[in-house]
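Engineer: Protein chains in written order, with this note's numbering: chain D, 121 to 271; chain Y, 121 to 271.
Treat the hints loosely; a few may be bogus.
If several chains are the same, the list does not tell them apart, and a pair holds so long as it fits within one copy or across any two.
[As the list claims (entries may be wrong)] Straight-line Cα separation of at most 25 Å, DMTMM-like style, residue types lysine to aspartate or glutamate; simulated pairs:
no.	residue 1	residue 2
1	Lys238	Glu248
2	Lys238	Glu138
3	Lys133	Glu221
4	Lys133	Glu203
5	Lys238	Glu203
6	Lys133	Asp202
7	Lys133	Glu185
8	Lys133	Glu226
9	Lys238	Asp137
10	Lys238	Glu136
11	Lys182	Asp124
12	Lys133	Glu224
13	Lys238	Asp202
14	Lys182	Glu136
These are computed hints drawn from the structure, not numbers from a lab. All of these numbers come straight from a predicted model, not from anything done at the bench.
2 protein chains.
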Amino acid sequence: MMFDHPDNNPVRKLTEDECWQLLERTQHGRLVGVVAGYPDIFPINIAADQRSIVFRTAPGTKLAEVAVNENVLIEADGILSDEAWSVVLRGTAALLQTSGEISEAERLDLQPWVPGPKEQFVRVTPTEVTGRHFAFGPYRDAELGEGSEGG
Amino acid sequence: MMFDHPDNNPVRKLTEDECWQLLERTQHGRLVGVVAGYPDIFPINIAADQRSIVFRTAPGTKLAEVAVNENVLIEADGILSDEAWSVVLRGTAALLQTSGEISEAERLDLQPWVPGPKEQFVRVTPTEVTGRHFAFGPYRDAELGEGSEGG
Numbered sequence: 121m122m123f124d125h126p127d128n129n130p131v132r133k134l135t136e137d138e139c140w141q142l143l144e145r146t147q148h149g150r151l152v153g154v155v156a157g158y159p160d161i162f163p164i165n166i167a168a169d170q171r172s173i174v175f176r177t178a179p180g181t182k183l184a185e186v187a188v189n190e191n192v193l194i195e196a197d198g199i200l201s202d203e204a205w206s207v208v209l210r211g212t213a214a215l216l217q218t219s220g221e222i223s224e225a226e227r228l229d230l231q232p233w234v235p236g237p238k239e240q241f242v243r244v245t246p247t248e249v250t251g252r253h254f255a256f257g258p259y260r261d262a263e264l265g266e267g268s269e270g271g
Numbered sequence: 121m122m123f124d125h126p127d128n129n130p131v132r133k134l135t136e137d138e139c140w141q142l143l144e145r146t147q148h149g150r151l152v153g154v155v156a157g158y159p160d161i162f163p164i165n166i167a168a169d170q171r172s173i174v175f176r177t178a179p180g181t182k183l184a185e186v187a188v189n190e191n192v193l194i195e196a197d198g199i200l201s202d203e204a205w206s207v208v209l210r211g212t213a214a215l216l217q218t219s220g221e222i223s224e225a226e227r228l229d230l231q232p233w234v235p236g237p238k239e240q241f242v243r244v245t246p247t248e249v250t251g252r253h254f255a256f257g258p259y260r261d262a263e264l265g266e267g268s269e270g271g
């Protein structure tokens, strides 16, 4: 188990530090935004950098439209056989503009899912970072009680 | 490669049938919804059933609040070393109400991420299913040209 569940609750809230520990070793996540009231989601490669998330996009794509948005989420999760985690970062996304910002981001070794010649970097500055760790197996059985189904 | 890219474009749109083929062998996805203008996202276990997606939730949870919503997304993706895919289903989510619907859903062998005693099933009926397949490696290098960075 990556995290203990001392109270035997199958769900454990992660601290902000624990969320960043997970984000720092995760290369893949999803960007969620709302455009004209409709949600949209894109898989992206992410890099955690100075308690923010950086990713690449290209002008004119749908991703770029969602990516410059005051209210976005970045989600990342991981699933193992007997445990899983999910981290959600709420924040504001902005294109990196200055050459200093951009050359810093270039050091992060990020690849876009959709490559293109005119790539840009986007940084999501969080207003809130939350996460949960899920313990499957014995906790689940205990919680569900006798009536539960296997699987 | 799961899918060919005959035109050497690193991104290939998937047909609806191809999207369902992927969803049918995927147990894990994410529910995205909008509540009061703000997006939210939850990891969920999913089952594809009769060209819709079924998952479990429990009353009173945030997931349940988002889950009964006329405008939700279900996203699933997979990443391998040299390829990746992402499928997004837009649709309407509704709680299963009748005992017939519920006993049918119970056969799907679904587990919730957050177990609880009063579980419910939600079915998302799609209005649109889209997906993309990403070929990394040679396609990516060709597309990015000489100026691209490795990684």
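Engineer: Does each hint fit the structure? Answer for all of them.
Structural biologist: Outcome of the hint check:
Taking the shortest alpha-carbon separations for Lys238 and Glu248, neither the intra-copy value of 31 Å nor the inter-copy value of 30 Å comes in at or below 25 Å. Taking CA atoms no more than 25 Å apart as the test, Lys238 paired with Glu138 passes in neither setting, with 35 Å inside one copy and 30 Å between copies. Taking identical chains as interchangeable, the C-alpha atoms of Lys133 and Glu221 are never at most 25 Å apart, the minima being 33 Å within one chain and 33 Å between chains. Taking CA atoms no more than 25 Å apart as the test, Lys133 paired with Glu203 passes inside one copy only; the shortest distance there is 14 Å, against 33 Å between copies.
In this assembly of identical chains, the alpha carbons of Lys238 and Glu203 lie at most 25 Å apart only when taken from different copies (22 Å versus 39 Å within one copy). In this assembly of identical chains, the alpha carbons of Lys133 and Asp202 lie at most 25 Å apart only when taken from the same copy (17 Å versus 34 Å across copies). Taking the closest pair of Cα atoms, Lys133 and Glu185 come within 25 Å of each other only across two copies (19 Å); inside a single copy the shortest separation is 32 Å, beyond that limit. In the homo-oligomer, the alpha carbons of Lys133 and Glu226 never lie at most 25 Å apart, since the shortest distance is 33 Å inside one protomer and 29 Å across protomers.
Proximity of Lys238 to Asp137 under the C-alpha cut-off of 25 Å is found in neither arrangement, the shortest distances being 34 Å within a copy and 33 Å between copies. Taking CA atoms no more than 25 Å apart as the test, Lys238 paired with Glu136 passes in neither setting, with 34 Å inside one copy and 30 Å between copies. Proximity of Lys182 and Asp124 under a CA criterion of 25 Å is satisfied inter-copy only: 24 Å between copies versus 40 Å inside one chain copy. For the identical chains of this complex, Lys133 and Glu224 are neighbours neither inside a copy (32 Å) nor across copies (33 Å), given an alpha-carbon limit of 25 Å.
In this assembly of identical chains, the alpha carbons of Lys238 and Asp202 lie at most 25 Å apart only when taken from different copies (22 Å versus 42 Å within one copy). Taking the shortest Cα distances, Lys182 and Glu136 sit within 25 Å of each other only across copies (20 Å), while inside one copy they are farther apart (30 Å).
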